[in-house]
Amino acid sequence: MGGGALSKAPLAATTATPAERLRTLLAAADSLRLRTTRHRADLIGRHSLDADGLLRVALPAHAELARHLLDTGEVPALVEITDLAPVPARHRVRARATLTGWLTLDDLDGGDVTAFLALATADLVDADGDATVDPDDLAAADPDPLAPYEADLLRHLYAAHPETLGGLTRLVPADRRAGAGRVHPLRLDRHGIVLRLEVPEGHRDVRLAFAEPLTGPDDVGAGLSRLLGGEPGCPTCVHPHP
Numbered sequence: 004m005g006g007g008a009l010s011k012a013p014l015a016a017t018t019a020t021p022a023e024r025l026r027t028l029l030a031a032a033d034s035l036r037l038r039t040t041r042h043r044a045d046l047i048g049r050h051s052l053d054a055d056g057l058l059r060v061a062l063p064a065h066a067e068l069a070r071h072l073l074d075t076g077e078v079p080a081l082v083e084i085t086d087l088a089p090v091p092a093r094h095r096v097r098a099r100a101t102l103t104g105w106l107t108l109d110d111l112d113g114g115d116v117t118a119f120l121a122l123a124t125a126d127l128v129d130a131d132g133d134a135t136v137d138p139d140d141l142a143a144a145d146p147d148p149l150a151p152y153e154a155d156l157l158r159h160l161y162a163a164h165p166e167t168l169g170g171l172t173r174l175v176p177a178d179r180r181a182g183a184g185r186v187h188p189l190r191l192d193r194h195g196i197v198l199r200l201e202v203p204e205g206h207r208d209v210r211l212a213f214a215e216p217l218t219g220p221d222d223v224g225a226g227l228s229r230l231l232g233g234e235p236g237c238p239t240c241v242h243p244h245p
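Taking our numbering, I'd label the letters of the sequence shown as residues 4 to 245.
Calculated directly from the structure, the hints in this document are not laboratory data. Check before you lean on any hint, since a few could be wrong.
Said to hold, decoys possible - Restraint-style ranges between C-beta atoms, simulated for each label pair:
{"#": "1", "residue 1": "D126", "residue 2": "V90", "range": "47 to 55 Å"}
{"#": "2", "residue 1": "A214", "residue 2": "G76", "range": "27 to 35 Å"}
{"#": "3", "residue 1": "R173", "residue 2": "A225", "range": "39 to 47 Å"}
{"#": "4", "residue 1": "A64", "residue 2": "R173", "range": "52 to 60 Å"}
{"#": "5", "residue 1": "G76", "residue 2": "R173", "range": "53 to 61 Å"}
{"#": "6", "residue 1": "P151", "residue 2": "S228", "range": "16 to 24 Å"}
{"#": "7", "residue 1": "V202", "residue 2": "A64", "range": "37 to 45 Å"}
{"#": "8", "residue 1": "D45", "residue 2": "R173", "range": "18 to 26 Å"}
Keep in mind it's a predicted model, so treat the numbers as computed, not measured. All C-beta atoms in this analysis are idealised placements derived from N, C-alpha and C, irrespective of residue type, glycine included.
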């Protein structure tokens, strides 16, 4: 679950709450680390999120943790998730989440033992700040509608549309672009797109906000087009961090 230290350079705040940001991270993640007092498991493609935010995992029935869970019914557990930028930017760690609770046996499904995490605590560290999320707030939160598609959309933008990325970069005020080398699309959500500008002393992150929140991946092209139709440095759509 590596990727380096989390960049603490703050992004402009979005309207997403910590619970929504954590729910989005859980919905988009394809891997997690599961720890108990006796076992550790790195799971890839073996977790899901219920409509009410309940985290479920599928453990190979032959795994020691699965056998232990079959014997005990539940065990205290810690879940760690690291969110990495899907493009080759510096400091790719975008967020980290830590969940604790009771891993509870659900079912024996073919070759897997399924279980759910009865959540006790949830903590999120991302560029918008550090937050403790109440389990009830997490259950009530909605994930960002772009979450399942964000990685592919950013990779496609970076690899196939340099002209669009260049146009977005020109929307960044000149003082924020000064000295910048490579530019990467770092994050995409319903509220806007975040660009990472690499500079000799590190990097600068700048959010370009959509005029209105998007409702799904089919709106991304139109949202970016509306941004590109604006004036460079427009104060209504550009939010540099301090």
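Hint check results:
1. D126 <-> V90: 47 to 55 Å: This hint is violated: roughly 26 Å between Cβ atoms.
2. A214 <-> G76: 27 to 35 Å: violated, 52 Å
3. R173 <-> A225: 39 to 47 Å: violated, 19 Å
4. A64 <-> R173: 52 to 60 Å: For R173 against A64, whose Cβ atoms are near 55 Å apart, the range 52 to 60 Å holds.
5. G76 <-> R173: 53 to 61 Å: Given about 59 Å between the Cβ atoms, the range holds.
6. P151 <-> S228: 16 to 24 Å: holds, 22 Å
7. V202 <-> A64: 37 to 45 Å: violated, 51 Å
8. D45 <-> R173: 18 to 26 Å: With a Cβ separation near 41 Å, D45 and R173 fall outside 18 to 26 Å, so the hint is violated.
The structure does not agree with the numbered hints 1, 2, 3, 7 and 8 stated previously, though it agrees with the rest.
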